[in-house]
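> The residues making up each chain are set out below.
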Amino acid sequence: MLTIISRTAILYFFVIIGIRLMGKRQIGEMQPGELVVTILISEMAAIPLQDINQPVILGVAAIFTLVFLEMLFSVLCLKIPSLHRLLSGSSRIVIRDGRLDQQEMKKLRLTVSDLIELLRDRDVFDISTVAFAVMETNGSLNVLLKSGEQPATKADIAKKSKNAALFLPVVSDGKLMTDAIKELGIKPDDVRKILKENKMTEKQVFLLSVDKNLDYTIIKKEL
Amino acid sequence: MKRIFVAAVAFAVLLCVGIIGGTYFDRTCHELSDALDESIRLTNEENYSAAKTLLSNAEELWNKGQPILCLYQNHSYLYEVSSKLEGLYYLCSEEAKEEFLAGAIQAKAALDYVRSDK
Numbered sequence: 001m002l003t004i005i006s007r008t009a010i011l012y013f014f015v016i017i018g019i020r021l022m023g024k025r026q027i028g029e030m031q032p033g034e035l036v037v038t039i040l041i042s043e044m045a046a047i048p049l050q051d052i053n054q055p056v057i058l059g060v061a062a063i064f065t066l067v068f069l070e071m072l073f074s075v076l077c078l079k080i081p082s083l084h085r086l087l088s089g090s091s092r093i094v095i096r097d098g099r100l101d102q103q104e105m106k107k108l109r110l111t112v113s114d115l116i117e118l119l120r121d122r123d124v125f126d127i128s129t130v131a132f133a134v135m136e137t138n139g140s141l142n143v144l145l146k147s148g149e150q151p152a153t154k155a156d157i158a159k160k161s162k163n164a165a166l167f168l169p170v171v172s173d174g175k176l177m178t179d180a181i182k183e184l185g186i187k188p189d190d191v192r193k194i195l196k197e198n199k200m201t202e203k204q205v206f207l208l209s210v211d212k213n214l215d216y217t218i219i220k221k222e223l
Numbered sequence: 001m002k003r004i005f006v007a008a009v010a011f012a013v014l015l016c017v018g019i020i021g022g023t024y025f026d027r028t029c030h031e032l033s034d035a036l037d038e039s040i041r042l043t044n045e046e047n048y049s050a051a052k053t054l055l056s057n058a059e060e061l062w063n064k065g066q067p068i069l070c071l072y073q074n075h076s077y078l079y080e081v082s083s084k085l086e087g088l089y090y091l092c093s094e095e096a097k098e099e100f101l102a103g104a105i106q107a108k109a110a111l112d113y114v115r116s117d118k
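Chains as they are written, first to last, in our numbering: chain A, 1 to 223; chain B, 1 to 118.
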């Protein structure tokens, strides 16, 4: 039992180091090579755990070999674009001006129902509204709608708006958060002034969020 | 680039450990194999005391190397060689020539398997 526990701890430690060295990626954002390496690392780590006669170092050596090769190839892919295309493939345009590119879909082995599902995932229910749809190498679909179909922005309607400001909690559960006050560049007296305006004391406040312009949101304690 | 450097260093260290350990593994197996061959020759000449001394030294060498050998090979294979060596020493003590020779051949086969599977 102790052998299993110590082996598991050792391998866990080395797998974490290996994954950290490779860098964080969500499963859905991984390139094919990265996904293969991640799966292989888990398989390699499992072998010394399942068979306690196998030396732990074999699992560690396999893990670090995979990590090193993956990182080496990722650096080479940066330097050699053709290698990147060879290993990861390239993005393909599957919809142009509302029309499906059936040739590209055939190359990608992408069915119409798969494409429709990916479009729905992007809140697109009508192919004719799509200017371009690009299938990325990690299997995700990025969509650019036609100009007339895109949601209006503030620039479109020429509306003046305030610059986005950061709200920070300056009173949380009755306690004054001096770090947040300092971060916003305001004074504790400004916070007390807000509390006075709302006829509350610090202890009565559940949450007071303020921005640097002293716009605020205040929630009173109920309990 | 820092990460690739760390990964490269870790890989290089593992490679060195593998090469150095592998060399030690080969040397130990070779020495044990030579000791077994010599003990077979001595037993054929019925020089049991010399064969016993040789086997005792060989067993000590093998056991001393266990902590490092365990890093490179399946523990059950190493244990098989160890148990065969113990048996050979006993057979040599009893001057059981035929049984000893059969056991020595089995021990050599187990050792060859360990070496080939490294």
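These are computed hints drawn from the structure, not numbers from a lab. Just so you know, not all the hints are guaranteed correct.
[Stated by the list, open to error] To be clear about the criterion: a stretch of chain B counts as covered by chain A if any three or more of its residues have a C-beta under 8 Å from a C-beta of chain A, and this derived list gives those stretches:
| hint | region |
| --- | --- |
| 1 | 37–50 |
| 2 | 66–72 |
[To be verified] Not the full set, but computed from the structure, chain A residues with beta-carbon under 8 Å of chain B:
| hint | residue |
| --- | --- |
| 3 | M71 |
| 4 | G148 |
| 5 | Q150 |
| 6 | P151 |
| 7 | M177 |
[As the list claims (entries may be wrong)] Each pair of labels, with its calculated beta carbon distance range:
| hint | chain 1 | residue 1 | chain 2 | residue 2 | range |
| --- | --- | --- | --- | --- | --- |
| 8 | B | C16 | A | K79 | 47 to 53 Å |
| 9 | A | R20 | B | C16 | 47 to 53 Å |
| 10 | B | E60 | A | T137 | 30 to 36 Å |
| 11 | B | E60 | A | K79 | 51 to 57 Å |
| 12 | B | V6 | A | K221 | 22 to 28 Å |
| 13 | A | Q103 | B | I68 | 42 to 48 Å |
| 14 | B | V6 | A | F167 | 15 to 21 Å |
| 15 | B | T53 | A | A9 | 42 to 48 Å |
| 16 | B | I20 | A | E43 | 42 to 48 Å |
| 17 | B | P67 | A | K79 | 40 to 46 Å |
| 18 | A | R122 | B | P67 | 57 to 63 Å |
| 19 | A | T3 | B | S56 | 39 to 45 Å |
We treat Cβ as the ideally placed atom computed from N, Cα and C, and that holds for glycine.
> So does I20 (chain B) sit 42 to 48 Å from E43 (chain A), Cβ to Cβ?
27 Å, violated
> Given a hint of 40 to 46 Å, does the C-beta separation of P67 (chain B) and K79 (chain A) actually sit inside it?
Holds, since P67 (chain B) and K79 (chain A) (Cβ atoms, about 43 Å apart) stay within the stated range.
> Regarding R20 (chain A) and C16 (chain B), is the given constraint of 47 to 53 Å on their beta-carbon distance met?
Given about 23 Å between the Cβ atoms, the range is violated.
> Hint check: is the beta carbon of M177 (chain A) less than 8 Å from a beta carbon of chain B?
Cβ of M177 (chain A) sits 35 Å from chain B, so the hint is violated.
> Given the hint of 51 to 57 Å, is the C-beta distance from E60 (chain B) to K79 (chain A) inside that range or not?
54 Å, holds
> Mind checking the hinted window 15 to 21 Å against the Cβ distance between V6 (chain B) and F167 (chain A)?
Between V6 (chain B) and F167 (chain A), where Cβ atoms are some 39 Å apart, the hint is violated.
> Under 8 Å is the threshold here; is the Cβ of P151 (chain A) close enough to any Cβ of chain B for the hint to stand?
Violated, about 39 Å.
> Does the Cβ pair C16 (chain B), K79 (chain A) satisfy 47 to 53 Å?
27 Å, violated
> Looking only at beta-carbon atoms, does the pair R122 (chain A), P67 (chain B) fall within the given range of 57 to 63 Å?
For P67 (chain B) against R122 (chain A), whose Cβ atoms are near 58 Å apart, the range 57 to 63 Å holds.
> Given a hint of 30 to 36 Å, does the C-beta separation of E60 (chain B) and T137 (chain A) actually sit inside it?
With a Cβ separation near 59 Å, E60 (chain B) and T137 (chain A) fall outside 30 to 36 Å, so the hint is violated.
> Could you tell me whether the CB distance from T53 (chain B) to A9 (chain A) stays inside 42 to 48 Å?
43 Å, holds
> Count the residues of the region 37–50 of chain B whose Cβ falls closer than 8 Å to any Cβ of chain A, and tell me whether that reaches three.
violated (count 0)
Hints 1, 4, 5, 6, 7, 8, 9, 10, 12, 13, 14, 16, 19 from the list above are not met by this structure, while the remaining hints are.
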